[in-house]
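J.: Letter by letter, the chains look like this.
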Amino acid sequence: MAAEKPAPAKVLYCGVCGLPAEYCEFGPDFERCKPWLRAHAPGVYPDELVASSSGGDDKDVGKVGERLQGVSISTADGSTSAGGASASSKTEEVKRLPGGKLKKKDKQEVIIEKIVRNKRKCVTVVKGLDLFGVKLSDASKKLGKKFATGASVVKGPTEKEQIDVQGDISYDVVDFITATWPDVPESAVYFIEDGRKVAAA
Amino acid sequence: MFKKFSSEDISGQNQVKASVQRRIRQSIAEEYPLLEPLLEDMLPKKSPMIVVKCQNHLNLVVVNNVPLFFNIRDGPYMPTLRLLHQYPNIMKKFQVDRGAIKFVLSGANIMCPGLTSPGGVLDNEVEEETPVAIMAEGKQHALAIGFTKMSAKDISTINKGIGVDNMHYLNDGLWKMERLE
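Residue numbers (UniProt numbering), protein chains in the order written: chain A, 1 to 201; chain B, 1 to 181.
No lab work stands behind these hints, which were simulated from the structure alone. Keep in mind that this is a model prediction, so the values were computed, not measured. For every residue, glycine included, the Cβ atom is placed at its ideal position computed from N, Cα and C. Treat the hints with caution; some may be incorrect.
As the list claims (entries may be wrong) - Restraint-style ranges between C-beta atoms, simulated for each label pair: (1) B:Asp41 to A:Glu186: 42 to 50 Å; (2) A:Glu186 to B:Val121: 58 to 66 Å; (3) A:Pro46 to B:Glu8: 26 to 34 Å.
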């Protein structure tokens, strides 16, 4: 793990029951966990509690509860100091986030991509019309009517909607888009050719 | 929910394609903003992500054979407890009092009084239907992951009945499933 990321906390799991050590008392068999706890997790429970191998009476449990709460307070103190450290690292993280990881605003552009389905059949994908305030369902209808093919609104990657038009219409589609929606300038229309973005104009 | 859960409950598992992987990653990042810088380590793009479908519309997200997240139907992704123990601050936290621990650990839903009593702590920003970490009085680590049925304010005003559904708790079936083949 890289250094700047908040490191994963190490949790002590009991070797017998697999629970975090502090939950052993609620585990399936606390008695069997005790020897392990004595050896590996000193300080989680008061010594005399772990040492006593019998003690299943209700009275004892009540006492145990009291003692445990005392312990929990002391451990809580320890954790607050640790919490302070983590808080300082958090502020760093907050600072870093707006710098590098600001979400890019979607540029207003229409991207047209031709996808070959078979050797001679293809689909033209029109992305980004919605950024110009065009209703996609209307647009797909218009495209379908104009080119006399099927055109549908499809959910693309990462939840963005795009229009799929059957057939290769990549050369006429630019004129059609700029003519039907005057809001879309020709300079904002791009083709994707061989994985590169090429301006249509 | 995972009270009885074993590898027999798995109805199918498949390696998801990159687009689905991206979507899962995005929804996790939205749900847990603090986790975002860590996602690259947790769900490396290179290693295949496997989604395991189980009964009751349950999905597990598994990377390198370790279950990391789960969700139900189209609900939010929730981390497994082992993951939450490593990064305890990613979720909103509720705390239950000491008396509730043993019930929660046997799978009971979290009732309002256990959260409002002196040993309990509520995070007032929490709305209903959100995943929360359930901590316990006097303990450092989370003991369960819940899905709120009421907002925190409702819990403190109504103070009756189920406040948080218990999704996943220590020593349940998912907890025992440390690795998945």
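J.: I'd like to know which numbered hints this structure contradicts. Please list them from smallest to largest.
T.: Per hint list: single violation, 3.
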